[in-house]
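Engineer: Chain by chain, the residues:
Protein chains: 2
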Amino acid sequence: MSKNKKSPQILSSVRNSLRILKSFSTFEPSKKVSELSESLGLAKSTVSRLLSTLASEGFVIKDKKTNEYRLGLSVLTLGGIVTNNLEIHTEAAPVLNKLVNDTGETAHLAIMDGLDTIYIHKEECHHPVRILTHVGRRNPSYSTSSGKVLLAYSEDDTVDKVIENGLVAHTQNSITNPDELRNELEVIRQKGYSVSTEELTIGTRSVAAPIRDHTGKVVSAITVVGPIQRMKDYKIPEIGRKVIEAGKDASERLGYDERFVHRFT
Amino acid sequence: MSKNKKSPQILSSVRNSLRILKSFSTFEPSKKVSELSESLGLAKSTVSRLLSTLASEGFVIKDKKTNEYRLGLSVLTLGGIVTNNLEIHTEAAPVLNKLVNDTGETAHLAIMDGLDTIYIHKEECHHPVRILTHVGRRNPSYSTSSGKVLLAYSEDDTVDKVIENGLVAHTQNSITNPDELRNELEVIRQKGYSVSTEELTIGTRSVAAPIRDHTGKVVSAITVVGPIQRMKDYKIPEIGRKVIEAGKDASERLGYDERFVHRFT
DNA sequence: AGCGTTGTTCCTCTATGCGGAACAATTTAT
DNA sequence: ATAAATTGTTCCGCATAGAGGAACAACGCT
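Chains A and B, in that order, give the protein sequences. The first sequence begins at 776 in the working numbering and counts up one residue at a time. The second sequence begins at 776 in the working numbering and counts up one residue at a time.
Do not rely on the hints blindly, as some may be mistaken.
You can't tell identical chains apart in this list, so a pair holds if it fits in one copy or across any two.
In silico EDC-like pairs for lysine to aspartate or glutamate, Cα to Cα no more than 20 Å straight-line [said to hold, decoys possible]:
#, residue 1, residue 2
1, K840, D935
2, K840, D888
3, K837, D888
4, K797, E832
5, K797, E813
6, K992, D891
7, K839, D888
8, K797, E810
9, K837, D891
10, K873, E899
11, K1010, E1020
12, K966, E930
13, K1007, E930
14, K1023, E1013
15, K819, D988
16, K992, D1024
17, K840, D877
In short, the hints are calculated from the structure, not lab data.
Using the sequences and the accompanying hints, generate a full structural model.
Structural biologist: Below, the structure written as structure tokens:
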């Protein structure tokens, strides 16, 4: 009865357990059985059993006092493995350091996953006032500076899909018009960096530039985020220049050679 | 028929899927169906189905070319959430930066999980020659400097359990004698820091000191790791002093007040 | 080519995992 | 204080989901 003619077999219990894991977030780091039962549409007993199993392998931890479950250290271990095996990560991480020092703001590495943009590394700035982000965070590509850079250098049909998927307004500044988005991407390609001013989160502004691998393909973005109070208009070109520079540094570490740039778009 | 009178119900399919996830490591980041089938003692078809399900939720990614599976970005997301919600992490991370600059070596934050020690944060040094470690890495407590510090300030029965569990020699320098271990822990308590010289990995030496929370309890350890060539004997006391200092800084950020130290052991 | 692998799908049967209810342990309301 | 309500876990019986084995398809290796 499924739409797909070729649907690989999915184990419902496993899928449900994974959905439980995914339901945790930075802002809701712990959940109760009944909450999950309702939000996932499963019987309490089912959720309870799934959680017990997850707990037995350290994927969640039960707080004996409150009966709340939170993510366990097993997921931390796995996350570390992923991080260590992403080439971009190991090569570009040192560049982030320099960028943080040069700009005084928090920097990230981001890649595309599907239509979203995910932070794969974070280097925190030393300022007491900081933007709350986290590694692994998934954001809509059309509303972040890193996402827009990645879109600007991705296949046309990726942009099409993003648009088809809907441009939701997260703030008043969000880009919701397809033409406006395409235009913005063109501007980004010309300038070489992208800026997002309160397009996703009120009070924050970010600047991003592309990172290319040895084939010249844009594989990730390097980005700087800060509160708008510190990211003043007049500073943006200077920050843009620094971010582009950092992107180039990182690209070179990945084996990219600028002399071959004309081979690619 | 189980030994436990009160055994919570475990779902085998879920458990097997989690076992698959756990079987990945930094050194074996990708696996084939047949490998997993053998190592886990499950039918190929079973493993294939489990992997499909894991892939459908982004927990693993299938390489179309090689048919190998590796961990997906979902686990990165989860790892970031855990990191963000560990109080020690957010408070102590800035201290790591300073320590890396002061010592020129890679620094970690570590906590105990069960009988093992896990790195929850890493700040890489700028040296080209670096020790390969990763966040989430689980090590035996009795063979690392951070683990020994944590043991030195933990309940007696934790130490007993570690000993009961067996002191395995990972290198010629590993502590395998219970009395020797207990003695070492006493020395650590007197000195305030611990040293591990090739006790787990040949060629590396590490120094660690405790971090206390607002109640005075030792909740984590701060540690510096480097190749023995750079971690010369004569430097160790100086490094020890710096690590202790960093531990105190971090403790204060967690609300620890030294004046109340005599209230606790 | 042909053989030895590989991973996925199909198939059958059993055992597993589902939902509902009962229970126990709390917390909230009165 | 006691009662009422809400929590999470265990029990239970039935239906079905999931395990293993075999067949099939796709490669890769001599």
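Engineer: Evaluate each hint against the coordinates.
Structural biologist: Cross-check of the supplied hints:
| no. | hint | result |
| --- | --- | --- |
| 1 | K840 with D935 | neither (49 Å within a copy, 27 Å between copies) |
| 2 | K840 with D888 | between (38 Å within a copy, 19 Å between copies) |
| 3 | K837 with D888 | between (31 Å within a copy, 14 Å between copies) |
| 4 | K797 with E832 | both (16 Å within a copy, 9 Å between copies) |
| 5 | K797 with E813 | within (15 Å within a copy, 29 Å between copies) |
| 6 | K992 with D891 | within (18 Å within a copy, 42 Å between copies) |
| 7 | K839 with D888 | between (36 Å within a copy, 16 Å between copies) |
| 8 | K797 with E810 | within (14 Å within a copy, 27 Å between copies) |
| 9 | K837 with D891 | between (31 Å within a copy, 19 Å between copies) |
| 10 | K873 with E899 | both (12 Å within a copy, 13 Å between copies) |
| 11 | K1010 with E1020 | within (16 Å within a copy, 37 Å between copies) |
| 12 | K966 with E930 | within (19 Å within a copy, 60 Å between copies) |
| 13 | K1007 with E930 | neither (32 Å within a copy, 53 Å between copies) |
| 14 | K1023 with E1013 | within (15 Å within a copy, 38 Å between copies) |
| 15 | K819 with D988 | neither (48 Å within a copy, 36 Å between copies) |
| 16 | K992 with D1024 | within (15 Å within a copy, 44 Å between copies) |
| 17 | K840 with D877 | neither (46 Å within a copy, 41 Å between copies) |
Comparing the model with each numbered hint stated earlier shows that hints 1, 13, 15, 17 do not hold.
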